[in-house]
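Colleague: Listed below are the residues making up each chain.
There are 2 protein chains.
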Amino acid sequence: MLSIKDENKQKKKVALIGCGLIGQSWAICFLSAGFDVSLFDPVKGVTKKAKEKIKAKLSDLQNYGLLKNKNISDYLDRIHLTQDLLHAVEGSIYVQESGPEDLDIKKELTKRIDAATPDNIPIASSTSGIPTSLYASDIPGQYRCLVAHPIHPPHLIQAVEIVPAPFTNETITQAVKKIITAIGKEPLALKKEIPGFVVNRLQGALLNEAFNLVKEGISSAEDIDKAISEGLGLRWSFMGPFQTIHLNAPEGIAGYVKRYEKMYRDIFNKTDIEWSSVVNLGLEEELIKLYPLSEREKQERERDNKLTKLTLHKMKL
Amino acid sequence: MLSIKDENKQKKKVALIGCGLIGQSWAICFLSAGFDVSLFDPVKGVTKKAKEKIKAKLSDLQNYGLLKNKNISDYLDRIHLTQDLLHAVEGSIYVQESGPEDLDIKKELTKRIDAATPDNIPIASSTSGIPTSLYASDIPGQYRCLVAHPIHPPHLIQAVEIVPAPFTNETITQAVKKIITAIGKEPLALKKEIPGFVVNRLQGALLNEAFNLVKEGISSAEDIDKAISEGLGLRWSFMGPFQTIHLNAPEGIAGYVKRYEKMYRDIFNKTDIEWSSVVNLGLEEELIKLYPLSEREKQERERDNKLTKLTLHKMKL
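So the sequences go chain by chain: A and B. Final position of the first sequence in the numbering used here is 506; the numbers increase by one with none missing. Final position of the second sequence in the numbering used here is 506; the numbers increase by one with none missing.
Chain A on its own, in the form it takes in the complex:
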């Protein structure tokens, strides 16, 4: 069974299946955290090229002082290239598959990985939207399959969505969260599967509106981009959308929704916007626990300080 208890003493290896941009970036995450990494690709020469790209990215990180070890070779020496799946998973405590975003390919690949990998070793997929139920329901090892979806480029972005299928063993899910935490990432726990998960549903909703605004001739793509990069995106780089609106009304999220729910209904001409019921059924309670109304002034000052520091940071760029 998976053990990451002695994570700083024991030699650990993970298998990365597929070594495109995402696989390369995963390699950097695991190498930085002290893991050995098996890099697998069925096509000859692909892993070698991937290793070169990993080297270049490690150099960039080193230039910013973000690598612990002085010598890049300390990292590169822990990369093991292989065209043999059995060889890749051998001795690995974790398998991360980053193959093409195609249901049939993912089904076949997961089946092969499952057959090759010793029992109880988690098999996580980097898929950005295909639930595990759709690609792993027919294989013996479905209990150790789940999604660990990073955001591009993974070695520079913390969030990783952890999405188990109904058939995924809870012990496996917890073990994967531990590994993701151990490599310094921030696991986001999804309680159940939904197509697109959280990240791409949020991104997709915003993108769809952005496309709509261009289609309607409201604004240029450049100005829509600025509405985010010089606008909404500033706060969002350190606080999420719920915390943002919770801080945008003196009474917190309940006050915000009371004030603006009708506006949003009118904007989108949608009568099915029913945010207040969500607020009442636990959302307000959660947000007030996280950000008590009694500490409001402090929270506002903190937001403004972070915004000011971000402004200074961007001025320096």
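Watch out, some of these pointers could steer you wrong.
One copy or any two copies: either way a pair holds, since identical chains are not told apart in the list.
[Claimed, not checked] Within a straight-line C-alpha distance of at most 25 Å, the following computed SDA-like cross-link-like pairs (lysine to any residue) qualify:
1) K366 / A304
2) K505 / Y253
3) K478 / S409
4) K381 / M452
5) K503 / E491
6) K238 / S248
7) K366 / I268
8) K295 / K451
9) K478 / G330
10) K505 / R485
11) K503 / A222
12) K238 / L496
13) K505 / E375
14) K505 / L479
15) K238 / G223
16) K498 / L255
17) K451 / E405
18) K244 / K451
19) K240 / S262
20) K459 / Q363
21) K503 / A378
22) K367 / I282
23) K404 / M452
24) K257 / T500
25) K233 / Q272
Don't read these hints as lab results, they were simulated from the structure.
Got chain A sorted already, so can you dock chain B onto it with the hints?
Modeller: Only chain B this time, still in chain A's reference frame:
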């Protein structure tokens, strides 16, 4: 007629109508840029309290080295408090109204401001979603009315949406853009009115999906917030959603849409997602002009460098 040509020599005054959080923040923007500011509120004592809050925020900015002048009194001395609308607009080259977000109040207030303000002086509203057509179509000075919508808190966020009504004079719109630029803000030009404008339509679309995810029991609000603050929001703090996806496929936005349009259609179970037609009707052309495919590697490296620097910045916080 409005003149901001000699902006560094000539004494300039603007009138800020309403001095809640948004009005206070506008005051800081204009004071920092060297303007005199009339602060109007009909209720006794309100402007005095607002001035105190402006003072506190100026102190914060000073602590971060973001104020040009050493003495805060240099700024405070240029604030003129008044309960008299006529007095507020007298000698002002620009009027910014930040009253309550209520159509009837906005109609009445704009009518009064129009009656009090000399011809050809722009009257901009901070409304976050009410088009000028709805509140200014019945007044004589409709030609100089439009929206200049900032994002909270305006003195720390660059983007300001400029939304003229069909009846707004183009010279006025251009003059307002110049003023907004002169105070160091980034005007976003909307070609036509739409309820919610760009900013709140983008925010509303994302929020609606976030509420939906909580309602469906997919994830906690805290983890949804992290999907942004430790995920999508990082890139969005320096590049917008279009540039982001343009960089997420080797062939640019056309490649991204080709690859992911079906996924988003399936995610939202919406057949009316037709991004490819928008791509073909000018969006790809605009993005390729802004971010040529031939400079792709440079753009990717720039994104990664900015992300790395942001990571370092956040580590310091």
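Colleague: Hint by hint, work out which the structure violates, then give me just those numbers in ascending order.
Modeller: Of the numbered hints given earlier, those the structure breaks are 9, 18 and 20, listed in rising order.
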